[in-house]
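Go by the hints and put chain B onto chain A.
Just so you know, the protein sequences line up as chains A and B, in that order. Residue numbering for the first sequence is 1 to 191, as defined by the numbering used here. Residue numbering for the second sequence is 1001 to 1133, as defined by the numbering used here.
If you're looking for bench data, these hints aren't it; they were derived computationally from the structure. Careful, some of the hints might be misleading.
Pairs of lysine to aspartate or glutamate residues, derived as EDC-like cross-links and limited to a Cα-Cα distance of at most 16 Å, are as follows [stated by the list, open to error]:
| no. | chain 1 | residue 1 | chain 2 | residue 2 |
| --- | --- | --- | --- | --- |
| 1 | B | 1016 | B | 1058 |
| 2 | A | 54 | A | 95 |
| 3 | B | 1011 | A | 159 |
| 4 | A | 138 | A | 181 |
| 5 | B | 1028 | B | 1057 |
| 6 | A | 98 | A | 156 |
| 7 | A | 138 | A | 149 |
| 8 | B | 1022 | B | 1008 |
| 9 | A | 138 | A | 148 |
| 10 | A | 46 | A | 22 |
| 11 | B | 1003 | A | 151 |
| 12 | A | 46 | A | 20 |
| 13 | B | 1113 | B | 1082 |
| 14 | A | 138 | A | 151 |
| 15 | B | 1011 | A | 156 |
| 16 | A | 138 | A | 22 |
| 17 | B | 1017 | B | 1057 |
| 18 | B | 1003 | A | 89 |
| 19 | B | 1028 | A | 163 |
| 20 | A | 46 | A | 95 |
| 21 | B | 1003 | A | 186 |
| 22 | B | 1095 | B | 1121 |
| 23 | B | 1003 | A | 149 |
| 24 | B | 1003 | A | 181 |
| 25 | B | 1017 | A | 163 |
| 26 | A | 138 | A | 156 |
| 27 | B | 1016 | B | 1057 |
| 28 | B | 1095 | B | 1117 |
| 29 | B | 1003 | A | 185 |
| 30 | A | 98 | A | 22 |
| 31 | B | 1016 | A | 163 |
| 32 | A | 98 | A | 20 |
Here are some, though not all, of the chain A residues that point toward chain B, as calculated from beta-carbon distances under 7 Å [as the list claims (entries may be wrong)]:
| no. | residue |
| --- | --- |
| 33 | 12 |
| 34 | 13 |
| 35 | 74 |
| 36 | 75 |
| 37 | 125 |
| 38 | 129 |
| 39 | 130 |
| 40 | 165 |
Even glycine gets a Cβ: it sits at the ideal position worked out from N, Cα and C.
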Amino acid sequence: MGMHASLCDFLTDIAQNSFEADATNVGIVIEQNENWIIFSVTDDGKGMSPDQQKRALDPFYSDGIKHKKRKVGLGLPFLYQMVESVGGEFSLSSEVGKGTVVYYTVPLSHIDTPPLGDIPSTLSSLFSYPSSADLIVKRAANRNEIREEYEVSKSELLEVLQEVNTVSNIILMKTFLQSQEAAIEEFLQRV
Amino acid sequence: MAKMTLQELRKLRDTKKTEIQKRDINDKDTQVVIGMGTCGIAAGAKTVLDAFLNELDEQHLSTVSVTQTGCMGLCYVEPTVEVNAPGMPSVIYGKVDDAVARRIVQEHIMNGKLVSEYVFDKPSADIIKDGGK
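One chain only, chain A, in its complex shape:
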């Protein structure tokens, strides 16, 4: 991914894999402490065999299902490369028929760490992604052993808004998420 990719861009890309893996439930965790941001994307989709998992980090591997003649799959390789380059931790665990967990950490202070990006806009677009899967987001910040957090799911947003893909409702979701993020920001400055 280019120079301008944010951590949120990587997250969008990986979460999309889960939606495309026929998951019923997708979970995203974004948690930060003084020095690190920890991300995980968990799904109960179709999963990958041990062999597929190894090859998933190879940019010239694709399962050939989505685009029959194409021989590239760049989402996970880009993420892996970025995490490696900043000295973060990366793990991919998956089981066929059970689902997949992508977990990675990024040090906030490394010079090559991409900027975090716009969380409210990223999450509202993920909530509006056309998928029947529920998406549960857990966001937290820890500092001096105190914790500020929020949790929001697509199912509860759907219950309130009825539909999540019209302009006005996407903007409402963004407003809602902005107020949650403002509380995290305020916490990080206060503590």
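Structure of chain B alone, referenced to chain A:
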């Protein structure tokens, strides 16, 4: 700023809904689909998505549906956007940025005129059935 509750979100939604009903316009049949595969994201699709949302909102076209899809096989002209508007052919635009997104809203969606320089017709031949013929 205090954290908004779901209850407050519901109230805000009701207010918005009344406003929309008062204006008595319905653009529900118009659909904007943004390519958000790895290629799209890397080329700036999220900026484009935000530009569409902001421009549509500013133009009071708040019932247009804005959705996302994966790679359309046109990685070389990302960010790509498909627009389906009543009375207009279904069109895929390529190399869309913030400014082009706003033009698509104003010219294509509001005035029924294609933004011709950016039209890329239909998905790449190796992605769609029968080679796009």
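Does the structure break any of the earlier hints, and which numbers would those be? 6, 8, 16 and 18
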